[in-house]
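Peer 1: Residue numbers (the UniProt record's numbering), protein chains in the order written: chain R, 1 to 100; chain P, 1 to 497.
Since the hints were made in silico from the structure, they are not lab data.
Even glycine gets a Cβ: it sits at the ideal position worked out from N, Cα and C.
Any given hint could turn out to be false.
Covered by chain R, according to a simulated footprint, are these stretches of chain P (three or more residues, beta-carbon under 8 Å) [claimed, not checked]:
1. 203-211
2. 334-344
Derived pair list, reagent style BS3-like, types lysine-lysine, alpha-carbon separation capped at 30 Å [claimed, not checked]:
3. R/K33 <-> P/K70
4. P/K366 <-> R/K97
5. R/K33 <-> R/K18
6. P/K268 <-> P/K312
7. P/K495 <-> P/K245
8. P/K70 <-> R/K10
9. R/K59 <-> P/K245
10. P/K312 <-> P/K366
11. R/K18 <-> R/K97
12. R/K97 <-> R/K10
13. R/K72 <-> P/K245
14. P/K70 <-> R/K72
15. R/K59 <-> R/K72
16. R/K33 <-> P/K495
17. R/K33 <-> R/K10
18. P/K312 <-> P/K269
19. P/K70 <-> R/K18
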Amino acid sequence: MSVTREEVAKIAQLARIKMGEGDLDHLVPEFNKILEWVEQLGEVDTAGVEPMTAVIDQKLRLRDDVIDADPKTGGGRRDDVLANAPAAEHGFYGVPKVIE
Amino acid sequence: MPRTENDFTQLGIREIRDGVAGGDFTAREVAESLNAAVEAATSLNAFIVTTPEKALEAADATDAARAAGKALGPMAGVPIGMKDLFCTNGVQTTAASHILEGFIPHYESTVSANLWAAGAGMLGKLNLDQFAMGSSNETSYFGNVSSPWRKAGSNAPMSPGGSSGGSSSAIAARLCPAATGTDTGGSIRQPAAFTGICGIKPTYGRCSRWGVVAFASSLDQAGPMARSVEDCAIMLGAMAGFDPKDSTSLDAPVPDWFGNLDADMRGKKVGIPREYRMEGTDQAILDSWDRGAEWLRDAGAEIVDVSLPHTKYALPAYYIVAPAEASSNLARYDGVRYGLRDLPDGAGLQDMYAATRAAGFGDEVKRRVMLGTYVLSAGFYDAYYTQAMKVRTLVQRDFDAAFEQCDVILAPTTPTASFPLNSLNDDPLTMYLNDVFAVPASLAGLPAMSVPATLTEDGLPLGLQIVGRAMDEQSVLNAGLAIEQRAGFTAQPEKWW
Chain R
1 MSVTREEVAK IAQLARIKMG EGDLDHLVPE FNKILEWVEQ LGEVDTAGVE PMTAVIDQKL
61 RLRDDVIDAD PKTGGGRRDD VLANAPAAEH GFYGVPKVIE
Chain P
1 MPRTENDFTQ LGIREIRDGV AGGDFTAREV AESLNAAVEA ATSLNAFIVT TPEKALEAAD
61 ATDAARAAGK ALGPMAGVPI GMKDLFCTNG VQTTAASHIL EGFIPHYEST VSANLWAAGA
121 GMLGKLNLDQ FAMGSSNETS YFGNVSSPWR KAGSNAPMSP GGSSGGSSSA IAARLCPAAT
181 GTDTGGSIRQ PAAFTGICGI KPTYGRCSRW GVVAFASSLD QAGPMARSVE DCAIMLGAMA
241 GFDPKDSTSL DAPVPDWFGN LDADMRGKKV GIPREYRMEG TDQAILDSWD RGAEWLRDAG
301 AEIVDVSLPH TKYALPAYYI VAPAEASSNL ARYDGVRYGL RDLPDGAGLQ DMYAATRAAG
361 FGDEVKRRVM LGTYVLSAGF YDAYYTQAMK VRTLVQRDFD AAFEQCDVIL APTTPTASFP
421 LNSLNDDPLT MYLNDVFAVP ASLAGLPAMS VPATLTEDGL PLGLQIVGRA MDEQSVLNAG
481 LAIEQRAGFT AQPEKWW
């Protein structure tokens, strides 16, 4: 399966990565070469094989239903959370206007 | 190891901590010596930031604890390098990407916190391939890392491997006795092999992923890199352990890997996977593999032929699974919460996302995020992603079957020795093939290590890989020790930096 220039542009848009015409010039052939190579997986007979869900068999744990059981991952850390934001205002993340 | 006055650069983890504990020298002397070595080696570009004050602070704490008669941790007085994929409280953490430049975490990764609690100190944050995506350390926003090794008769800078290339370069150049690495599809083992050092990726889940910048979460696993098997065993013991903050952390006790090291292989079976004898593999690699089997036979092991029939399909499956997970993990870099923001004049939110990610991600990262987006997109998900995850099941079943006939598997770590920087980066696929021998163990979550075997005719190191059963790091380390004792690998790069 190969992809067209338009399809690669669409994937870039889905991935939220701005691509210029020059970027697409080298990306389209690279993309197709990689896809052509992974095509060989189609040769493998996987009838009746379950896709892997966990690489090491283990139970999914539930934590105790306690607020702030671990203070590092609990709440009340607004200033820490915002410390690296490119634009933080009034205790919130700042973003460009999203509603006209 | 011979040591001149005040030069501690040749010492390993065990020698440093035992020397400090025994009062032969102070932790501060060691930290000062290594800080100086780091400062003098900027031409390798192994570090993104250096933290000499952190190394001294930890050393002083160790010296004070010793003076007060307190018990010392297993890494007490040992300064190490920290791959810049581990979040470090108050110290910039970038994953070698422009999009995280200036990011200063307000928390410490579990693995690094464990190491500091064990008494280690930090010399600095080590360069790597951007978001750990690469096999040559040429995708870092902060420049290529050079290996300290050079081909005989050439001054061309060589690749230290990747993605943990800052780690491998710094250890081989004697800037630090050990460093952290992370391995998603060979990123500890391949750079270890390229630079003549040891590195082990433990069973998936042994080391917490909490606070490690995520690449492909079902594959990412941290591990130690050092110059000897015993140093890897000590450091892995300090890094590993159950962490409730990581949902896939293994809730199992950490064995005393160092205390149980034993190079006697009598009664053990070593499997040689016939499918790893691939076309295009260097003769020197095949020769070193044969020699590795002889060494293990000499240690008492029985060598058996095993089959891993889906080996050929592991690498293409990896290049669907890992980019798919990466595309999802890297969605968090949006110019809102941390890192870079590129807000063109009059741009809306969507334009800001796209501009930020275009400016912040390197080419290889963009390629993989887009590949992942594609294989997960509606209409292609089953053909690519589901099929790859079924193949992953088959790769794991291959190992299960092989481990009914043997205790560990011996294979080359890489299909070639190191290559000159800028020689392979025109073609992503050729670069991906570097990890052809490393990726199967990653897909199956198995412990795997690389130990130095020999030098090529050109004077470049080659490594041998040992893969073990899940949870059986001990057998991997033991076989590694048996090889190390027989290989007698003492070569060091000639200092030019």
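Peer 1: State for each hint whether it applies.
Peer 2: So, going through the hints one by one against the coordinates:
1. 203-211: holds (count 3)
2. 334-344: holds (count 9)
3. R/K33 <-> P/K70: violated, 60 Å
4. P/K366 <-> R/K97: holds, 27 Å
5. R/K33 <-> R/K18: Roughly 22 Å between the alpha carbons, so the hint for R/K33 and R/K18 holds.
6. P/K268 <-> P/K312: holds, 27 Å
7. P/K495 <-> P/K245: violated, 43 Å
8. P/K70 <-> R/K10: violated, 62 Å
9. R/K59 <-> P/K245: Since the Cα atoms of R/K59 and P/K245 sit roughly 15 Å apart, the hinted pair holds (cutoff 30 Å).
10. P/K312 <-> P/K366: holds, 26 Å
11. R/K18 <-> R/K97: holds, 20 Å
12. R/K97 <-> R/K10: The hint holds at about 25 Å.
13. R/K72 <-> P/K245: Roughly 9 Å separates the two Cα atoms, so the pair holds.
14. P/K70 <-> R/K72: holds, 29 Å
15. R/K59 <-> R/K72: holds, 24 Å
16. R/K33 <-> P/K495: violated, 40 Å
17. R/K33 <-> R/K10: holds, 18 Å
18. P/K312 <-> P/K269: holds, 24 Å
19. P/K70 <-> R/K18: Since the Cα atoms of P/K70 and R/K18 sit roughly 57 Å apart, the hinted pair is violated (cutoff 30 Å).
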